[in-house]
Amino acid sequence: MEIKTEKRDNAQIILVSGMLDASNYQKFEEDISLLIQGGPDKIVFNLSNLEYMSSAGVRAFLKTNRTIKSKEGVMVFCCLKPFIKEVFEIAGLDVGFKIFADVESAVQFLDA
Amino acid sequence: MSSTYTLATNASLKEISTIAEFITSSLTCSGVMEEIIFAIELAVDEITNNIMMYAYPAGEGTMKIMIDVSGTDISIEIRDQGKEFNPLLFPPPDISSNSDERKIGGLGIHMVRSIMDKVNYERRDGQNILKLNKSLSGTKP
Chain A
0 MEIKTEKRDN AQIILVSGML DASNYQKFEE DISLLIQGGP DKIVFNLSNL
50 EYMSSAGVRA FLKTNRTIKS KEGVMVFCCL KPFIKEVFEI AGLDVGFKIF
100 ADVESAVQFL DA
Chain B
0 MSSTYTLATN ASLKEISTIA EFITSSLTCS GVMEEIIFAI ELAVDEITNN
50 IMMYAYPAGE GTMKIMIDVS GTDISIEIRD QGKEFNPLLF PPPDISSNSD
100 ERKIGGLGIH MVRSIMDKVN YERRDGQNIL KLNKSLSGTK P
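Those sequence lines, one after another, are chains A and B. Following numbering that gives the first Met the number 0, the numbering of the first sequence begins with 0 at its first residue and continues without gaps. Following numbering that gives the first Met the number 0, the numbering of the second sequence begins with 0 at its first residue and continues without gaps.
These are calculated hints, taken from the structure and not from any lab test. Quantities reported herein were computed from a predicted structural model and do not represent experimental measurements. C-beta: ideal position from N, C-alpha, C; glycine also. The reader is advised that the hints may include incorrect statements.
[Stated by the list, open to error] Listed below are the simulated DSSO-like cross-link pairs for lysine-lysine, each with C-alpha atoms no more than 30 Å apart in a straight line:
| no. | chain 1 | residue 1 | chain 2 | residue 2 |
| --- | --- | --- | --- | --- |
| 1 | B | 133 | A | 84 |
| 2 | B | 13 | B | 82 |
| 3 | A | 80 | B | 117 |
| 4 | B | 82 | A | 80 |
| 5 | A | 6 | A | 68 |
| 6 | B | 13 | A | 62 |
| 7 | A | 3 | A | 70 |
| 8 | B | 63 | A | 26 |
[Stated by the list, open to error] A few chain A residues that face chain B, going by a derived Cβ cut-off under 8 Å, partial list only:
| no. | residue |
| --- | --- |
| 9 | 20 |
| 10 | 21 |
| 11 | 22 |
| 12 | 53 |
| 13 | 54 |
| 14 | 81 |
| 15 | 82 |
| 16 | 90 |
| 17 | 91 |
| 18 | 98 |
| 19 | 102 |
| 20 | 106 |
Work out the full structure, taking the sequences as your base and the hints as a guide.
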């Protein structure tokens, strides 16, 4: 699992790569928490390079969402691979979160 | 015609990638489609994590994963010798509620039930035995 971040307009784009599972979700939560401290509170999770995610990853995103909400921020997702999209649907994340096909649409939504 | 693959391993987070590789290589050998391999990997990941947390809460134990692929379906049996633990007794999680308020317990087993066609639990000879079944001709992804 690897995390890279990029600021675009008023949004922070976080690119998550690799596998997100029970062996690394805590590290993921810590890293994300550091990244969003003091940064823009509009976050796009770009999952184009996320190959695998289990319920531990779902839990990590829900926890991250609580942190972002407490700063009155908002997080959205984009660029889900088919398997990740399926995990989102099974876990109900597709109901609670906005999901976009590409980064541009996600940033536009947050800028509106 | 059917093929059977078996892996005996420690119930440890360190083995997650070993287990994933075992599933991928076994099912690839049997010509199973990639999206089904991903789904099976996820189901076994969730079950083995439950074993680590609830069957062996005090530390490591061992577990055995058997995969049987026939022309029409995939059967998986996962055994451990830990504390009696039936994951099917988890109440279903509330996945419809607001995403930042919902409780998240039981999500793993909910995902397993969604992916697989059949999930059965049995306690026998001091072992937890979980059997998963996925039809290769079904409509589920």
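Violated hints - listed by number, lowest first: 4, 18, 19, 20
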